[in-house]
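Asks: In case you want the letters, here they are:
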Amino acid sequence: MHSLSPANGPDGLPRAGFPIELSFPSDVSLIEHVVGMVREECAQRQLSARVCNLTVPVALTEALSNAIVYGNGEDRLKQVRLSARLDDQALVLEVTDEGPGFDLDACEIDPTTEENLDREDGRGLFLMRSLMDRVERFTNGGNVVRLTLNRQ
Amino acid sequence: MSFAIRKQGDVCVVDVDGQLIVGNRQELKQKVLDEIERGERRFLVDFSQTGYIDSSGLGVLVSLSKKIREAGGELRLASLNDDLKTLFELTKLDTLFQITNSRETGLASF
Numbered sequence: 001m002h003s004l005s006p007a008n009g010p011d012g013l014p015r016a017g018f019p020i021e022l023s024f025p026s027d028v029s030l031i032e033h034v035v036g037m038v039r040e041e042c043a044q045r046q047l048s049a050r051v052c053n054l055t056v057p058v059a060l061t062e063a064l065s066n067a068i069v070y071g072n073g074e075d076r077l078k079q080v081r082l083s084a085r086l087d088d089q090a091l092v093l094e095v096t097d098e099g100p101g102f103d104l105d106a107c108e109i110d111p112t113t114e115e116n117l118d119r120e121d122g123r124g125l126f127l128m129r130s131l132m133d134r135v136e137r138f139t140n141g142g143n144v145v146r147l148t149l150n151r152q
Numbered sequence: 001m002s003f004a005i006r007k008q009g010d011v012c013v014v015d016v017d018g019q020l021i022v023g024n025r026q027e028l029k030q031k032v033l034d035e036i037e038r039g040e041r042r043f044l045v046d047f048s049q050t051g052y053i054d055s056s057g058l059g060v061l062v063s064l065s066k067k068i069r070e071a072g073g074e075l076r077l078a079s080l081n082d083d084l085k086t087l088f089e090l091t092k093l094d095t096l097f098q099i100t101n102s103r104e105t106g107l108a109s110f
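Here the protein sequences come in this chain order: A and B.
Heads up, the first sequence stops at 152 in this note's numbering, and the numbers go up one at a time, no gaps.
Heads up, the second sequence stops at 110 in this note's numbering, and the numbers go up one at a time, no gaps.
To be clear, the hints were calculated from the coordinates, so they are not data collected in a lab.
Check each hint, because a few of them may be wrong.
When the alpha-carbon atoms are kept at most 20 Å apart in a straight line, the in silico SDA-like pairs for lysine to any residue are as follows [as the list claims (entries may be wrong)]:
no.	chain 1	residue 1	chain 2	residue 2
1	B	92	A	120
2	B	67	A	120
3	B	92	A	118
4	B	92	A	115
5	B	31	A	120
6	B	67	A	121
7	B	85	A	129
8	B	67	B	38
9	B	66	A	116
10	B	67	A	114
11	B	66	A	117
12	B	85	A	48
13	B	92	A	117
14	B	67	A	116
15	B	85	A	126
16	B	7	B	100
17	B	29	A	29
18	B	31	A	29
Excised from the complex, chain A in its bound form (with noise of 0.2 Å):
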């Protein structure tokens, strides 16, 4: 696979559209980029406003924040993959990175409640699991979260 640019289907030439295959270095300046190209996806598949300008751009980059920042420690010589597909249950977003992986539930804290209002982290989980329909986490041949967001 190749840094920032869709996978090439088997004529060779750039594939438009979903499935999105793509693996980059782990890098949080290249967030906004890839974000992007799944916004643009879900906007042509007619997906709502507001799934195109807050539940997949905020939810996405929270995946993609932490994979980058916890899961490969911000070292460019480990990759992200993120795969993003969409058929008519669901839109499934796949992140993965090298990381040993970690306790979903025990990283959740509730960011809402008066003591923790003012804390300036821990609210990046809480707005994956309110924004999206599912968040889970497992491993395949890397530290995977799922993001599921269905279509009914």
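We have chain A already, so just place chain B on it with the hints.
Replies: What follows is chain B alone, placed relative to chain A:
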């Protein structure tokens, strides 16, 4: 994406053009901290040209709010679109910040 700070009266208005996310939050933080260092105390962040904000961006706003308050000043927010309002409501940060519908209302509120 860029951050521009302009003085309007005695208020520093910060325009966030594009996203406020993990990749650029430090730039915003440093610019505002520099203004605090210069003696500025009133800040209005205008989000009318902003796309989306992630948890790191929200965290920087919380951090700056504290630092400005500690310096005896105030940070207010203006012009959130419906998606950004939802983000602040989800995180209950709409209860932490004073948010106005427009830049003009925000400026007049100091």
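Asks: Hints first: check each against the structure and report whether it holds.
Replies: Status of each hint after checking the structure:
1. 92(B) to 120(A): Distance of about 13 Å is within 20 Å: holds.
2. 67(B) to 120(A): Holds, at roughly 12 Å.
3. 92(B) to 118(A): Measuring from Cα to Cα gives roughly 10 Å; hence the hint holds.
4. 92(B) to 115(A): The hint holds at about 12 Å.
5. 31(B) to 120(A): holds (18 Å)
6. 67(B) to 121(A): Satisfied, since the Cα-Cα distance of roughly 16 Å is no more than 20 Å.
7. 85(B) to 129(A): holds (18 Å)
8. 67(B) to 38(B): OK: residue 67(B) and residue 38(B) at ~14 Å, within 20 Å.
9. 66(B) to 116(A): holds (14 Å)
10. 67(B) to 114(A): Roughly 19 Å between the alpha carbons, so the hint for residue 67(B) and residue 114(A) holds.
11. 66(B) to 117(A): holds (12 Å)
12. 85(B) to 48(A): Within the cut-off at roughly 17 Å; holds.
13. 92(B) to 117(A): Between residue 92(B) and residue 117(A) the Cα gap is close to 7 Å, so the pair holds against 20 Å.
14. 67(B) to 116(A): holds (17 Å)
15. 85(B) to 126(A): holds (16 Å)
16. 7(B) to 100(B): holds (18 Å)
17. 29(B) to 29(A): Since the Cα atoms of residue 29(B) and residue 29(A) sit roughly 16 Å apart, the hinted pair holds (cutoff 20 Å).
18. 31(B) to 29(A): Given pair residue 31(B), residue 29(A) holds - Cα atoms ~18 Å apart, limit 20 Å.
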